[in-house]
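> So the protein sequences, as listed, match chains U and E.
For what it's worth, the working numbering labels the leading residue of the first sequence as 312, then goes sequentially.
For what it's worth, the working numbering labels the leading residue of the second sequence as -4, then goes sequentially.
Because the hints were derived from the structure by calculation, they are not lab data.
Using 30 Å as the maximum straight-line C-alpha spacing, the simulated DSBU-like pairs for lysine-lysine come out as follows: (1) K775(U) x K123(E); (2) K20(E) x K0(E); (3) K98(E) x K123(E); (4) K98(E) x K775(U); (5) K680(U) x K775(U).
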Amino acid sequence: MNLSLSARWQLGLWPGAIPLFLLTTVIAGSLTALGALSNTASIIATLRDPYFFQVVRFTLWQATLSTLISIILAVPVARAYARRPAFAGRNILITLMGLPVVMPVIVAVFGIVAVYGRSGLLNSLLQPTGISMSFELYGLTGILLAHTFFNLPLAVRLLLPAWDQITSENWRTASTLGMSSPQLFRFIEWPALSAFLPGVIVIVFLLCFTSFTVVLTLGGGPAATTIEVAIYQALRFEFDPAQAAVLALAQLLLCAGTALLLIRWMRVLTQTSGRKSDSRARPDTGDRAGKLFDFGVIGLCGLFVFTPVAALVVSGLQGPVAAVLLDTDLWQAAARSLGIALMATSLAGIIALGIASTARFLILERRQKSAKEGLLLAGSLTLAFPPMVIGTGFFLISLHLEAVDTITLLMIAVVNALMVLPYILRSIAPVLIDSGQQYQKLCAQLGLSGWHRFCQVDWPMIRKPAAFSLALGGALSFGDMGVAALFDTTGHITLPVMLYQRMSAYRFDEAAVTALALVLMCVALFWILDRGLSR
Amino acid sequence: MNFLKIDGVRFCQGEWQLEVDLEAKRGECIALIGPSGAGKSTLLSLIAGFEQPDQGTIFVGEERIDTRVPARRPVTMMFQENNLFNHLTLYQNIALGCHPGLKLTDEDRELIERAMAATRLGALQSRKPADVSGGERQRTALARCLCQRRPLLLLDEPFTGLDPQLRVEMHALVDELRQTHALTVIIVSHLPHEVARIADSLAFMLGGRILETGPTGAMLSHPENPELSQYLRFTPAG
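Using the sequences provided together with the hints, build the complete structure.
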């Protein structure tokens, strides 16, 4: 083998090796910083503190309850959408179900408070009847409500592709056998659904387990605090880096342990949209009661998801729009948020592309399937390393370097990049590998490699999923508050933090306008990135 | 003087093994025939450089080519499918044969026009692969092969999906291009009687080895190898 062949074999490894090294360095550096502060004394002190166990217990409890509620409600909603494949507005409704995923958490919390809060929309509607809502929004109830708001639509969208797996022949066979609706569910739908459910449960559980903003804003005190919020409180209020480090390590162990235990179920999720299910052949769609049930379920779910959004828009427009929008602090915070989002998305995009390219090289040129799987798994490892844990490590490093203010934005961007990396990687990698499988020989023969191959073949193939995932990553990063809140020293470092500060200070009128501005900017950023890159 | 010389090439894939010696003259057309799994496509992949032989050498003219990457070999290959990039126009697909970045000189443009004329694609240049017929797609791939200006053309059953009449037309086109461009052609086929119209000689492969080679007519009418006789009995007459 001459130099050109062996050089090609080496070159294919670099695009993935460099980001993998960077990822390892960042995670290892962060963990080292945490480990350095977690001396035996601080670990023993934290473990002896009943508050620690209370926090761990509550974290697991709220995540379990949130997951159960979201999934139990999502199954009938997804089934209703699957049974009604052709009603007007179905696709728009399914698309809008993605709104809570893109929406900044702090904004959604504001919307939930605007509906279910003491002086919210629901109570004002009930006022003439003399009834008032008896539940306390702040505490476990509020956390469950908010988590259901985020995860019910997400679970519906993740479960819908299960029905795509059922062939029209299955439905026709069921018709000839005269199966009733419950029998269809038991013998046809449940087997398809049960292949998807574990994966969806893992994702929803991990999201609820690492939830920060919801618990910080709706938790309402020490009785309803999760580990991530406890880390934040240890650093920001008690200034106890040792306790924060122990908490972060506990969070990491629990999170990584859960992810590792359940990882095999995470692979069964498919990429289909859930919009092509051909259930017209199924025998139980003509029944009137079934129709009423399905549309009732779809309507209730829509109401639950869209009312907070509508309340947010209404209260935003009723607030001091001019005063808030003319405030330069708002635009400075928005500019910082935008800078962080663009930096994070670009970094995550480059890393994802490098990893996906090497994964493709490994499977197509070296036929090393397990190496490819391992590399893709390493790229998704940040799912098991919560951003707050890495952020805490970074914060401790910057404290040590006395550089909290100077490198803050960069650190937030890096943590956000790690947060969105798995989503971008999972969107790009399958398409890039498929493109390789289709065109590998042709490209090799035509000498299409490197930049030429990227421009002529790869980018046109991955453009749409890459644009969508980068836009989603940008919007998520723009609206994320977690790590920014940790690093914040001014109260308005980013727009989400500014909104949180205004809500905490009970400046609800200003908060309403800020929330509306934030969500509009998020949507605009998503739209510009998606349209701009996919063109 | 042999133009292509495959000398003691050995390639292992698990338990399966290919061991081949083969020679072809400049401008000759050899058809590789044999049942599925015989190693016909693998042999083309070894010549094109998609697979590396464990042993042996491959020469084209005076040059040893088995150590080169596919793009640096004097070889061009058409596959059964995925010969064209679906997101590019037919013209762009052909032009990739001139420059991988589509930076074309006047000379390249002239060459593309000539290749399109030779493959009778004149009016279709701005269409995309999905908008043309299977035969037009394969003609486009042939036009690109011409633009690559490489003397050895490998055809891995590229016309299998076409209807019989179109296959005959495509074989005639290959034959015409072979003669006008002095191409050496190696074609893999499951239809020996059909490909006999253009092949000067046949090579019968089975279990990773070439069991018999010879002039097309003689091999089809008087096969020496009993396995070839058996194989020919189950293939449709052209």
